[in-house]
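Engineer: Now for the letters of each chain:
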Amino acid sequence: EAGVVQSPRYKIIEKKQPVAFWCNPISGHNTLYWYLQNLGQGPELLIRYENEEAVDDSQLPKDRFSAERLKGVDSTLKIQPAELGDSAVYLCASSLGSATDTQYFGPGTRLTVL
Amino acid sequence: SQKIEQNSEALNIQEGKTATLTCNYTNYSPAYLQWYRQDPGRGPVFLLLIRENEKEKRKERLKVTFDTTLKQSLFHITASQPADSATYLCALPYGGSQGNLIFGKGTKLSVKP
Numbered sequence: 001e002a003g004v005v006q007s008p009r010y011k012i013i014e015k016k017q018p019v020a021f022w023c024n025p026i027s028g029h030n031t032l033y034w035y036l037q038n039l040g041q042g043p044e045l046l047i048r049y050e051n052e053e054a055v056d057d058s059q060l061p062k063d064r065f066s067a068e069r070l071k072g073v074d075s076t077l078k079i080q081p082a083e084l085g086d087s088a089v090y091l092c093a094s095s096l097g098s099a100t101d102t103q104y105f106g107p108g109t110r111l112t113v114l
Numbered sequence: 115s116q117k118i119e120q121n122s123e124a125l126n127i128q129e130g131k132t133a134t135l136t137c138n139y140t141n142y143s144p145a146y147l148q149w150y151r152q153d154p155g156r157g158p159v160f161l162l163l164i165r166e167n168e169k170e171k172r173k174e175r176l177k178v179t180f181d182t183t184l185k186q187s188l189f190h191i192t193a194s195q196p197a198d199s200a201t202y203l204c205a206l207p208y209g210g211s212q213g214n215l216i217f218g219k220g221t222k223l224s225v226k227p
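Chains as they are written, first to last, in our numbering: chain L, 1 to 114; chain E, 115 to 227.
By construction, these hints were calculated from the structure, which means they are not laboratory data.
A couple of the hints might just be wrong.
[What the hints assert, rightly or not] Derived BS3-like pairs: lysine-lysine, alpha-carbon spacing no greater than 27 Å straight-line:
(1) Lys222(E) - Lys171(E)
(2) Lys169(E) - Lys226(E)
(3) Lys16(L) - Lys78(L)
(4) Lys11(L) - Lys222(E)
(5) Lys219(E) - Lys62(L)
(6) Lys177(E) - Lys222(E)
(7) Lys219(E) - Lys11(L)
(8) Lys131(E) - Lys173(E)
(9) Lys78(L) - Lys219(E)
(10) Lys117(E) - Lys169(E)
(11) Lys185(E) - Lys219(E)
(12) Lys171(E) - Lys117(E)
(13) Lys185(E) - Lys171(E)
(14) Lys62(L) - Lys117(E)
(15) Lys117(E) - Lys185(E)
If we strip away everything but chain L, and leave its shape as in the complex, we get (with noise of 0.2 Å):
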């Protein structure tokens, strides 16, 4: 079975444009995550989704991100404008839907704004 799908693995940007990551989670998984990870720390919760509705989205920029998940399945992360300190790794995770269920990560998308 192919684990959560993250395009594209890199991005490098200048500050101000815009930019977009795509999630793909495990079939069948109501629950997805995008995390924000910077270097030498954990990843840090920006929006889960149960299905195609945000149920925690406290933690996302709304002045600059966005998020949707049409559909209930694939999600799109974006940022505009992207700032420097916007330069991080970007996590998507899926589980399948109980507050215990494993979250299985994919492999995220590197972003380097400059």
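We have chain L already, so just place chain E on it with the hints.
Structural biologist: Here is chain E on its own, set in the frame of chain L:
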């Protein structure tokens, strides 16, 4: 708010020895705690979950303990191998939603042959 501290940023041990990693939390005791492994350039991989009413959990060479009095979890790898070299993260639920996890910074384990 809940905070997690993992004992050290790096731990170097000799092959065959037991590695012990520490995870301390500062606020309320969570209903469960999880440990993940992360290799460079990859996302974290789930290893073990231990619930608050469990003192110990084992999986092959891995053992996790959970002491709600000390607010601490210990993660042990016995008979360590160079292939165990990775960063190990502890995570626990926070906030009103038990589905959200807060992660520690991780401990980078290096096992030397």
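Engineer: State for each hint whether it applies.
Structural biologist: Right, here's what the structure says about each hint:
| no. | hint | in the structure |
| --- | --- | --- |
| 1 | Lys222(E) - Lys171(E) | 22 Å, holds |
| 2 | Lys169(E) - Lys226(E) | 30 Å, violated |
| 3 | Lys16(L) - Lys78(L) | 13 Å, holds |
| 4 | Lys11(L) - Lys222(E) | 26 Å, holds |
| 5 | Lys219(E) - Lys62(L) | 25 Å, holds |
| 6 | Lys177(E) - Lys222(E) | 18 Å, holds |
| 7 | Lys219(E) - Lys11(L) | 24 Å, holds |
| 8 | Lys131(E) - Lys173(E) | 17 Å, holds |
| 9 | Lys78(L) - Lys219(E) | 25 Å, holds |
| 10 | Lys117(E) - Lys169(E) | 21 Å, holds |
| 11 | Lys185(E) - Lys219(E) | 17 Å, holds |
| 12 | Lys171(E) - Lys117(E) | 23 Å, holds |
| 13 | Lys185(E) - Lys171(E) | 16 Å, holds |
| 14 | Lys62(L) - Lys117(E) | 24 Å, holds |
| 15 | Lys117(E) - Lys185(E) | 11 Å, holds |
The structure is inconsistent with hint 2 alone, although it conforms to all the rest.
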